[in-house]
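Assemble the whole structure, with the sequences as input and the hints as a guide.
The lines below spell out each chain.
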Amino acid sequence: MSRTTQAPKGLRATGNFIDDRFHVAKSGEKNLRKVFPNHWSFMLGEIALYSFIILLLTGVFLTLWFKPSMTEVVYDGSYERLQGVVMSEAYASTLHIDFDVRGGFLVRQIHHWAALIFVASLVAHMLRVFFTGAFRKPREINWLIGIAIFVLAILEGLFGYSLPDDLPSGMGIRILQGVMLSLPVIGTYVSMFLFGGEFPGEDIIPRLYMLHILLIPGILLALIVAHFMILWHQKHTQYPGRGRTEKKVVGVPMFPAFAVKAGGFFFFVFAVTVAFSAFVQINPIHLFGPFSPTSITSGLQPDWYMGFMEGALRIFPNWFDFTIFGYAVPTGVLVPALVIPGILFTGLAVWPFLEAWITGDKRHHNVADRPRNAPVRTGVGMAGITFYGLLWMAGSNDILSETFSLNLYGTTWFFRFAIFIGPVLAFVITKRICLGLQRRDRATLAHGYESGTIQQLPSGEYIEVHKESPDEMVHVLRSKEPLDRTDTEDVDENGVEAPSARGLRGRLRTALAHWYTKDNVSFEGVEPHSGHHGQHEEIAPEQAETATR
Amino acid sequence: MTRNGETVKWITARRRHPLAGYVVVILALAFFGVGYAYVAPGADRAEAQTLATEATGDDQTDVARGREIFVRSCASCHGPSGEGTGNGPDITDVGGAAIDFQVSTGRMPSTNPDAQMPRKASMYTQEEIYDLVAYYEEEIGEGPEVPLDVPGSAPERSNFADEEAYEAAKAEYEEAYEAYVSGADDVEVGMELYLTNCAHCHSWSGSGGALTDGKWAPELDDASPRQIYEAMITGPGQMPAFNDMIIQPDEKQELIAYVKDLQNEPDAGGIFNLNRIGQVAEGFIGWTVGLSLIVACAIWITAKQRAHD
Ligand code: HEM
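Here the protein sequences come in this chain order: V and H. Residue numbers for the first sequence follow numbering that gives the first Met the number 0, so the first one is 0 and each next one is one higher. Residue numbers for the second sequence follow numbering that gives the first Met the number 0, so the first one is 0 and each next one is one higher.
Just so you know, the hints here were simulated from the structure itself, not pulled from any lab data. Model, not experiment: these values are computed from the prediction. Don't be surprised by glycine CBs; every beta carbon is placed ideally from N, CA and C. Please note that a few of the clues may not be correct.
[Claimed, not checked] Covered by chain H, according to a simulated footprint, are these stretches of chain V (three or more residues, beta-carbon under 8 Å):
#1 259-268
#2 283-296
#3 393-399
In structure tokens form, the structure reads like this:
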């Protein structure tokens with residue numbers, strides 16, 4: 000076992016406590032130990048898989064009683080407070096699930112908590128893939144499939160949220176309709192088409208229901224299967240380490256080791272979801288009450304994964320709305336609701352290809368990048384996270400302002416500025432940190448690690464003793480390769496530019512390539528422990544920052 | 000404080016619900032908590048207060064005492080005859096209901112004329128406020144009157160010399176409260192009125208919300224039925240007024256019953272209700288607790304070492 004993957008002490012102690020009593024590890028000692036790939040961040044995708052399975056199971060349970068119908072009924076179930084209230088069958092049947100179906104309340108809450116955890120784990124998984132460069136050739140297709148799963152999962156959640164026809168569902172659908180209406184020219188038709196007439200109408204719930212329980216889960220299932228088949232075929236990427244190369248994969252066969260570990264992990268995910276659902280109330284539709292078109296209320300939000308769109312809607316001003324040929328173009332809705340998510344998702348989808356184009360890197364990659372070794376990518380990723388995170392926070396600015404006694408207008412203006420400044424700052428800071436870490440790595444590689452022992456030299460000078468790094472660490476450090484870079488800047492011996500560097504595209508590419516690689520720290524020619532032992536020697540910055548070519 | 004007979008039925012029906020256990024535990028905790036608070040009154044106040052019987056407001060009022068209070072605590076801002084000064088608005092047409100509302104919710108006397116006042120414990124007893132109202136109505140102005148038929152705040156132990164008088168007053172109060180709230184029998188009307196007129200400021204749950212300019216709509220949990228009624232007819236601060244023509248008195252009763260019933264509704268979904276903040280809190284907890292727990296397990300599984308052998 001390498002020392003780098005030891006669990007933190009607290010976790011280890013808890014784990015051992017459980018283990019001593021239940022022999023979790025002993026029953027499959029070897030299997031559990033030789034897991035592949037042996038790093039926790041490779042389990043994030045599995046969390047998504049397991050929560051999806053939980054969603055399928057609980058969803059099927061819910062369909063047994065849920066009635067997707069807008070027909071009005073007078074409630075006479077056992078929830079006393081709402082007896083005699085006129086409501087849609089959809090809402091009444093959800094109350095029925097809550098109060099008259101044995102375990103129904105719990106299952107509904109499991110379904111909802113699992114939905115939140117599902118999308119959260121997708122995001123976490125996606126970030127892992129992004130920051131380690133695991134989307135690079137040959138895995139671009141799986142990256143695209145992942146994006147599709149992400150988008151569909153968000154839609155699936157939005158539609159599910161709208162089904163019970165309670166207060167927040169209705170408000171959500173109304174926003175959805177507002178977005179559709181904002182489409183120039185075709186808006187009204189699209190809305191009429193989806194709602195089968197005026198808002199809210201009778202048709203919307205049955206239609207969303209069909210999408211929610213059949214079409215989208217079907218597509219999701221197909222995509223997930225494809226995702227795993229490709230993964231099976233291509234294998235996971237692996238973190239750098241001893242014996243791990245682009246060609247050689249270290250580990251044991253996935254089967255049966257993988258099955259044992261996966262089974263255990265599934266039950267843990269399930270247990271956490273159920274524990275949440277048993278103790279923490281989520282989406283209390285019985286308190287919200289049924290939706291009626293006259294209701295307007297504050298304090299309701301969409302589920303978290305819609306938060307960034309809500310935030311965009313809240314902070315985007317309506318200064319740019321205009322009218323053309325008698326058609327209003329409400330950019331104040333159009334841009335935040337369609338353009339911003341569009342940019343986000345398109346950006347995610349094209350990034351692997353953009354990066355390959357910039358660097359000219361056409362090789363296969365099976366060893367994961369350490370994020371610090373690709374500073375621009377890591378910086379862009381952090382900028383993206385900041386952008387998304389700020390929008391997300393802006394989506395709850397009323398709650399923030401209420402909870403922390405902030406001025407509501409103040410928060411809006413804060414986010415309007417922060418949304419531009421934040422990502423830039425995040426990029427610059429992240430890149431600085433990455434380069435700093437690279438420099439430290441280079442020093443460690445050359446001199447060994449700082450032992451913490453201070454020695455006094457005969458001359459009276461104090462120095463810190465550097466010890467030789469263990470083998471594993473050397474391997475990890477040496478995994479840093481020179482960044483690939485298109486050689487478009489080069490001129491041949493006749494002083495003629497390479498053809499690929501000509502024209503607007505060529506110039507753009509050259510500029511981007513320069514930006515991508517210019518201040519990367521070169522490890523070229525650094526031999527492990529080649530520096531004088533016991534001597535602390537700073538690498539001159541100029542030397543350290545020469546570009547890798 | 001739901002309607003009594005129906006509560007029993009409701010409980011019988013729900014007793015075997017899987018979550019009933021939690022509800023019982025919460026109720027038990029609430030019962031002991033509240034019980035303790037009643038049994039152990041703040042000693043300092045208990046002594047300072049003289050015996051006070053339940054006041055009906057009319058016959059036993061003491062206008063002289065009302066004047067004294069007004070001159071001492073209100074005139075500096077609202078002027079000696081309530082016509083207003085630079086520090087406080089004209090209150091000659093706001094009515095006794097506004098006086099009762101502002102003083103019983105602790106908003107007045109204000110401590111900062113430039114800021115919205117939060118709700119706090121009132122400086123005066125209900126009897127003193129009645130005196131103030133009587134003085135106001137005699138000398139200063141007129142407007143909507145205190146809705147005496149709507150139950151006000153619960154009696155406080157500290158206002159009574161002995162336990163018996165207190166118990167009696169409390170029982171009487173609870174009866175009046177019950178009668179008022181269960182006099183409303185159409186949830187739908189109350190719900191619709193509340194969600195159409197109030198929820199966009201006070202939120203669906205009555206937990207309040209932020210308004211512009213650093214103002215906020217307060218949570219409604221502590222307001223007595225009478226204070227809610229008074230808020231509607233007087234429209235304090237940023238709040239619009241809803242007089243008895245816009246929302247009829249019996250509709251107001253439905254609305255108030257809806258708010259009170261919703262607040263007393265147990266959180267059937269689990270012991271942690273996240274303060275009914277809703278989706279933002281759910282997302283936050285889902286990420287910080289839910290996903291973290293699972294990731295911690297992943298770290299443990301993938302790094303499990305044999306600690307013994
Ligand atoms: C990616 C997968 C899924 C996600 C993210 C998701 C999400 C949601 C959400 C957020 C709700 C609202 C729950 C609430 O009222 O608290 C919901 C409701 C519902 N879902 Fe799903 N769901 C998924 C898959 C499924 C599947 C596969 C089925 C059925 C086969 C299903 C059936 C239902 C039904 C019947 C409801 C309405 C009943 C209710 O609201 O409690 N769901 N879903």
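Against the structure, the hints come out as follows:
Residue count for the region 259-268 of chain V with a Cβ under 8 Å from a Cβ of chain H: 5. That meets the three needed, and the coverage hint holds. Counting residues of the region 283-296 of chain V whose C-beta sits closer than 8 Å to any C-beta of chain H gives 10, which meets the bar of three, so the coverage hint holds. Against chain H, the region 393-399 of chain V contributes 3 residues with a C-beta closer than 8 Å to a partner C-beta. That satisfies the three-residue criterion, and the hint holds.
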